[in-house]
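A.B. asks: Chains as they are written, first to last, in our numbering: chain A, 3 to 338; chain B, 3 to 338.
The reader is advised that the hints may include incorrect statements.
[Unchecked claim] Straight-line Cα separation of at most 27 angstroms, DSSO-like style, residue types lysine-lysine; simulated pairs:
hint: 1; chain 1: B; residue 1: Lys255; chain 2: B; residue 2: Lys184
hint: 2; chain 1: A; residue 1: Lys36; chain 2: B; residue 2: Lys288
hint: 3; chain 1: B; residue 1: Lys258; chain 2: A; residue 2: Lys42
hint: 4; chain 1: B; residue 1: Lys4; chain 2: A; residue 2: Lys246
Hints listed in this document are in silico derivations from the structure and should not be mistaken for laboratory results.
Next come the chains, spelled out residue by residue.
Protein chains: 2
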Amino acid sequence: MKKVLNRPENFVDEMMDGIIAAYGDRVQLLNGDKRVLLSKYPAPEGKVGIVTAGGSGHLPVFLGYVGDGLLDGCAVGNVFASPSAQKMADMIKACDRGRGVLCLYGNYGGDNMNFDMACETVEMEDDIQTKTVRVKDDVASAPPENKDKRRGVAGMVYAFKVAGAAAKEGRDLAGVAAAAQKALDHTRTMGVAMSPCIVPEVGKPTFSIGENEIEIGMGIHGEPGIEVREMMTADAIADLLLDKVFADMPVEKGGKVSVMVNGLGATPKEELLIVYRRIAQVLSEKGITPMMPHVGEFATSMEMAGLSVTVMHLDEELEALMRAPATSPFYTNENI
Amino acid sequence: MKKVLNRPENFVDEMMDGIIAAYGDRVQLLNGDKRVLLSKYPAPEGKVGIVTAGGSGHLPVFLGYVGDGLLDGCAVGNVFASPSAQKMADMIKACDRGRGVLCLYGNYGGDNMNFDMACETVEMEDDIQTKTVRVKDDVASAPPENKDKRRGVAGMVYAFKVAGAAAKEGRDLAGVAAAAQKALDHTRTMGVAMSPCIVPEVGKPTFSIGENEIEIGMGIHGEPGIEVREMMTADAIADLLLDKVFADMPVEKGGKVSVMVNGLGATPKEELLIVYRRIAQVLSEKGITPMMPHVGEFATSMEMAGLSVTVMHLDEELEALMRAPATSPFYTNENI
Numbered sequence: 003m004k005k006v007l008n009r010p011e012n013f014v015d016e017m018m019d020g021i022i023a024a025y026g027d028r029v030q031l032l033n034g035d036k037r038v039l040l041s042k043y044p045a046p047e048g049k050v051g052i053v054t055a056g057g058s059g060h061l062p063v064f065l066g067y068v069g070d071g072l073l074d075g076c077a078v079g080n081v082f083a084s085p086s087a088q089k090m091a092d093m094i095k096a097c098d099r100g101r102g103v104l105c106l107y108g109n110y111g112g113d114n115m116n117f118d119m120a121c122e123t124v125e126m127e128d129d130i131q132t133k134t135v136r137v138k139d140d141v142a143s144a145p146p147e148n149k150d151k152r153r154g155v156a157g158m159v160y161a162f163k164v165a166g167a168a169a170k171e172g173r174d175l176a177g178v179a180a181a182a183q184k185a186l187d188h189t190r191t192m193g194v195a196m197s198p199c200i201v202p203e204v205g206k207p208t209f210s211i212g213e214n215e216i217e218i219g220m221g222i223h224g225e226p227g228i229e230v231r232e233m234m235t236a237d238a239i240a241d242l243l244l245d246k247v248f249a250d251m252p253v254e255k256g257g258k259v260s261v262m263v264n265g266l267g268a269t270p271k272e273e274l275l276i277v278y279r280r281i282a283q284v285l286s287e288k289g290i291t292p293m294m295p296h297v298g299e300f301a302t303s304m305e306m307a308g309l310s311v312t313v314m315h316l317d318e319e320l321e322a323l324m325r326a327p328a329t330s331p332f333y334t335n336e337n338i
Numbered sequence: 003m004k005k006v007l008n009r010p011e012n013f014v015d016e017m018m019d020g021i022i023a024a025y026g027d028r029v030q031l032l033n034g035d036k037r038v039l040l041s042k043y044p045a046p047e048g049k050v051g052i053v054t055a056g057g058s059g060h061l062p063v064f065l066g067y068v069g070d071g072l073l074d075g076c077a078v079g080n081v082f083a084s085p086s087a088q089k090m091a092d093m094i095k096a097c098d099r100g101r102g103v104l105c106l107y108g109n110y111g112g113d114n115m116n117f118d119m120a121c122e123t124v125e126m127e128d129d130i131q132t133k134t135v136r137v138k139d140d141v142a143s144a145p146p147e148n149k150d151k152r153r154g155v156a157g158m159v160y161a162f163k164v165a166g167a168a169a170k171e172g173r174d175l176a177g178v179a180a181a182a183q184k185a186l187d188h189t190r191t192m193g194v195a196m197s198p199c200i201v202p203e204v205g206k207p208t209f210s211i212g213e214n215e216i217e218i219g220m221g222i223h224g225e226p227g228i229e230v231r232e233m234m235t236a237d238a239i240a241d242l243l244l245d246k247v248f249a250d251m252p253v254e255k256g257g258k259v260s261v262m263v264n265g266l267g268a269t270p271k272e273e274l275l276i277v278y279r280r281i282a283q284v285l286s287e288k289g290i291t292p293m294m295p296h297v298g299e300f301a302t303s304m305e306m307a308g309l310s311v312t313v314m315h316l317d318e319e320l321e322a323l324m325r326a327p328a329t330s331p332f333y334t335n336e337n338i
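Using the sequences and the hints, build the whole thing.
C.D. replies: As structure tokens, then:
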């Protein structure tokens, strides 16, 4: 295992040490707890809090979006494992400014269960109002009739951005939750994996993909996809992913979209750009206008090779919320 | 070969199509030439031009730094191959605003030869004044007594940033060249590679590294390093790289530095942060203050695993030039 780490069991704690060493002027631990990261960016009085949580190994997701115009806090789990309900409750309390907290996170069993418990706790013990919006953008993870079973993947970044802007504008908890839900209703993701990744405490690849095979729709933890195919050209991959997205969420001629071509870890930026090129061609043929391109690594699986394509169908409100300035140590739309 | 591309021979052209599709509002091709990228950001009247050039496969280097407060142009070669002198000359002409052009690029044979020819051409034929500063930050590539033989690696990003700020301030050609040279005199890089990468037209790894081995000081094209070692812990890697840097460029107690922990392609951000954490510890022990951390992918070798550590020793002038705002589609210091 050629991972750059010390003891595998310290992987997450030492990553958190690195984040504080590098970015401690802008983010902080909650009372020194390496499993709860909070924003230090100034926030407007009474701003609705927005928090997330999830397993480690996906940087910049999740904690990379704690910032200004983005998230207020993130509870941090072990690699690919949900943090505890207690950490989530601690975080929610720390992020409430009296107007409530939106819990906005990927639709995974552990996160769902723990967040539900945490919300119950803070509502009962601390009288903090919460709302929950779960990210379910991964088209591959369940058919349309079972949309509620879908997993959350890179599309959550668009939801963080939109909800963060809505909260910064001063919307109330219901309004921020509605903005997040609207963003997600307008967002779909489809991905493809080409190589596995290594969970530090396991020490070897957690699944395998054939030498000349790719898995369409594989999850960011290696959850099985919908199909194993022979390796395809960049254009064929782009067409396939875009077809699946548009089959699930049609966008009419004249529509506007923001497209994210997200590298899962080991796929070079050059290749992401070749995919973006093809997507722009297809959009042009369809009479759809792309704007605010996100090409890079926004939600990864450590050193997994592969990529996902996320489409957000913009209307006037979503476009304005996407354009509002946002910044964190891992994300800024200043140059997007 | 699981590279996301169409025909290998179209890799660079299609990457350039992707760049224009995504960022055509901010960068442009010179008369449609997919091998010369120019900035579209507004520049002050009479600003000294800054250009670079180099082989493809290193994004964001080189062309990712064409932007505001950065470079005016970049000539683009095939993967790991220098662009032609003609492309460089075309670019220099396009980037001259009457006050001359700085050619700032990595110290590689092909680039040196072609840029020398290009400069001669534009000086003779177009009466354009040029100056050359070659980046030679890679400590591993030659011993101190042969510093002029050293290769340019990730440290060039700091030189682009500093020179770009100096040019935007209105300095003349000699002043911009002096700022770039000063940045480089204060900058050293040392890297380690853990896996090879695949040049598209070759189709297989261009060199090999043993299952449990890493190569200290390997170049970003797979040039041999100074030593093959057994895989080490993150802390041992950080210590080794930092020791080599400081042995070559001592920084006294009380000094200020900007440190770049640069992923070569496949190494996860989590691991780069673990390395940054150790570097911050060592700096703290030495009484050196780190600022403006650069942790991420700034100069890559496609899907190569590994990382480099660059240290820039700041004085008041370099700190101010580093802090001046700069932005491109691939880089911004807004959140650094």
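A.B. asks: Next, verify each hint and record whether it holds.
C.D. replies: Cross-check of the supplied hints:
{"no.": "1", "hint": "B:Lys255 - B:Lys184", "result": "20 angstroms, holds"}
{"no.": "2", "hint": "A:Lys36 - B:Lys288", "result": "25 angstroms, holds"}
{"no.": "3", "hint": "B:Lys258 - A:Lys42", "result": "24 angstroms, holds"}
{"no.": "4", "hint": "B:Lys4 - A:Lys246", "result": "22 angstroms, holds"}
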